[in-house]
Amino acid sequence: MNEFNWTYVGVAVLGLFGLFSFLATVVLSLTWYERKMLARIQMRSGPSRVGPHGLLQPIADVFKLVTKEDIRPTNSSGLLFWSAPLIVFVSAFLVWLTVPFADGAVVAPQELGLLYIVAISTVGIVGLLLAGYTSSSKYSVLGGIRAAAQLVSYEIPIIVVVLAIAVLVQSLDLRDVILGNEVTIGERVLSFDGQGAIPFAFIMPLGLIVFILAGLAELGRTPFDIHHAESEVVGGPFLEYSGAHWAVFFLAEYINTFVIAALTVLLFFGGWSWPSPPESVFGTALEEWQTDALGVGWFLFKTYMVVGLFFWFRGTYPRLRIDQLMAFGWKSLIPLSFVNFILMSIVIFYEWPLWVMTAFSVPILVLGLYIGSRRTARLADPTTVQMYRRARREDGGNKLIPEGSGD
Amino acid sequence: MLNSMKALRVTLGTMMRKKVTAEYPKEHLPIQDRYMGFPALLWDDVRDEPFCTGCMVCVRYCPTQCMSAEMTDNTQFAEGDSHRKKIIKTFEINLSRCILCGICVDVCNFDAIEMSHEHERSERERDANRVDLPELLKMGTKFQKDTGWKQSKPNLPSPKERAVIAEAKAAKEAAEAAANPEPEASAESPSDSPPEATAT
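So the protein sequences, as listed, match chains A and B. For reference, each letter of the first sequence is one residue, going 12 to 418 in my numbering. For reference, each letter of the second sequence is one residue, going 2 to 201 in my numbering.
Mixed in with the good hints there might be a few duds.
To be verified - The following residues of chain B were derived to be distant from chain A, with all beta-carbon distances above 12 Å:
{"no.": "1", "residue": "V106"}
{"no.": "2", "residue": "H118"}
{"no.": "3", "residue": "L157"}
{"no.": "4", "residue": "P158"}
{"no.": "5", "residue": "A169"}
Said to hold, decoys possible - Label pairs and their calculated CB-CB ranges:
{"no.": "6", "chain 1": "B", "residue 1": "R122", "chain 2": "A", "residue 2": "R60", "range": "21 to 31 Å"}
{"no.": "7", "chain 1": "B", "residue 1": "I32", "chain 2": "A", "residue 2": "R60", "range": "22 to 32 Å"}
{"no.": "8", "chain 1": "B", "residue 1": "H29", "chain 2": "A", "residue 2": "P346", "range": "50 to 60 Å"}
{"no.": "9", "chain 1": "A", "residue 1": "V373", "chain 2": "B", "residue 2": "H29", "range": "50 to 60 Å"}
{"no.": "10", "chain 1": "A", "residue 1": "H64", "chain 2": "B", "residue 2": "C102", "range": "35 to 45 Å"}
{"no.": "11", "chain 1": "A", "residue 1": "R332", "chain 2": "B", "residue 2": "S123", "range": "43 to 53 Å"}
{"no.": "12", "chain 1": "A", "residue 1": "K79", "chain 2": "B", "residue 2": "R98", "range": "30 to 40 Å"}
{"no.": "13", "chain 1": "A", "residue 1": "K79", "chain 2": "B", "residue 2": "K151", "range": "54 to 64 Å"}
{"no.": "14", "chain 1": "B", "residue 1": "L101", "chain 2": "A", "residue 2": "H64", "range": "35 to 45 Å"}
{"no.": "15", "chain 1": "A", "residue 1": "L66", "chain 2": "B", "residue 2": "Q152", "range": "52 to 62 Å"}
{"no.": "16", "chain 1": "B", "residue 1": "I32", "chain 2": "A", "residue 2": "S59", "range": "19 to 29 Å"}
What the hints contain is simulated information worked out from the structure, not anything from laboratory work. C-beta: ideal position from N, C-alpha, C; glycine also.
Put together the whole structure using the sequences plus the hints.
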């Protein structure tokens with residue numbers, strides 16, 4: 012076990028290279044997909060000149076970015092400045108090591124896969140903070156701090172929803188999340204269904220919505236792109252980066268988008284498992300590799316659908332203000348995620364049927380989002396205006412507070 | 002919450018709509034009739050020559066001085082086929098300098114110049130857009146054909162036509178004289194006004 016094995020190293024390196032080239036292709040396709048989708052939302056046609064339907068446009072973009080001059084601000088601290096994009100990229104890339112594309116199609120299977128994913132994706136915050144701090148630009152610093160505040164806040168609902176999933180299958184292994192798990196307690200053998208039977212989206216719709224919203228915030232995508240809000244902090248931590256280093260940030264961002272979409276599919280939509288076995292669809296018995304290939308294809312298809320949902324959101328919603336963002340995270344998503352977790356624990360502890368979970372979470376979801384949106388609407392006035400109004404109310408008729416624009 | 006759902010529905014609707022982009026070099030949007038492109042010289046189909054006489058009014062009024070013109074004697078006039086004594090010999094417009102103001106069209110007395118629909122004239126050099134008389138006439142005839150352009154007033158008669166008209170008039174007068182031998186007598190008899198007033 013502890014012997015040094017060159018075969019193992021070779022396989023690992025090959026796996027990493029394979030994964031990297033796969034992810035690079037995915038990122039290229041995602042940029043094209045996003046531009047086309049946004050264009051259609053705005054009734055334009057999007058990239059159409061480079062290659063058929065603009066399919067070669069991402070490659071042209073990469074060529075442009077790589078050949079551009081790489082500028083470093085004079086006062087930035089060199090090594091840290093250059094290493095920040097790498098930190099962000101590596102944390103985004105490492106998450107993929109344990110994401111299974113199909114049963115067995117995974118670079119490094121781990122029993123604590125969910126924990127690993129949650130832990131590694133947090134490292135990216137360091138990169139963003141570092142990028143902001145070392146750029147010697149006030150907008151970058153602001154953006155970096157915003158990124159840290161936002162990402163730390165929205166980690167919590169994500170982790171709690173992942174915990175609820177772990178409670179549901181009594182395992183942290185992503186394979187068990189799909190295929191089900193068996194736990195032996197004393198003499199009793201408890202079996203937990205995977206998503207082959209029923210996707211978890213139907214069992215915990217509350218968790219799904221919280222996961223998608225918090226995931227969007229975690230990616231810094233519209234409507235939660237506070238940390239690179241162009242109109243406020245001119246691109247945030249990425250402001251001073253150009254050329255290849257900016258491209259690395261870009262790569263990391265799209266890999267993260269794909270991660271969140273893939274996790275949504277794995278945790279809530281059954282990953283690679285078909286609605287009915289592929290044999291029954293095709294009518295013939297399939298080899299194992301054929302089943303795996305079909306599984307990978309089905310998984311990728313679902314992931315692209317979820318990514319399409321993210322792009323659709325981007326084309327629809329304007330950006331939240333930072334106080335609205337923090338309020339939404341701490342006052343709506345985190346309580347909802349804990350409600351989801353506690354409900355799930357109770358249902359599993361008393362071994363109630365799982366539809367009880369659905370029956371409870373749908374009304375809570377509707378109610379919670381209704382109240383949350385009401386509160387956000389009230390928060391549409393800046394905090395200063397609210398304070399002013401309250402002061403005038405408490406002032407009574409004394410007119411100590413002058414009349415002003417707050418009315 | 003409900004409004005967010007509505008927003009998603011709206012963007013889904015726009016996603017399904019026809020796109021408004023025209024793929025430009027392959028696809029040209031139709032030009033409005035009132036579109037003002039570069040100036041062009043028009044062709045008189047009746048006389049089979051340009052309307053332009055080379056009077057230089059447009060050249061003098063051009064704010065960017067992008068035109069030059071030269072006139073010559075009209076051989077068709079000498080033969081009696083045209084009413085234009087002078088005709089344009091050379092005409093050049095530097096379209097790179099033209100600002101499409103339309104003053105040349107306003108000042109022209111002969112319907113000779115018009116803002117055509119020509120607008121795709123990008124060139125790589127500053128001097129590459131000098132167009133000469135044949136090119137201007139080509140632009141103009143194309144414009145006339147595309148828009149069904151009509152002359153604002155009819156041509157004056159040419160010398161030959163004038164001779165024909167004069168002949169016809171003389172013939173008509175002779176015929177009238179033959180029909181009514183004494184037109185004065187019938188005109189004078191019912192008049193109420195005093196003859197002194199008509200005399201003054």
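Output the indices of the hints that this structure fails to meet, ascending.
none
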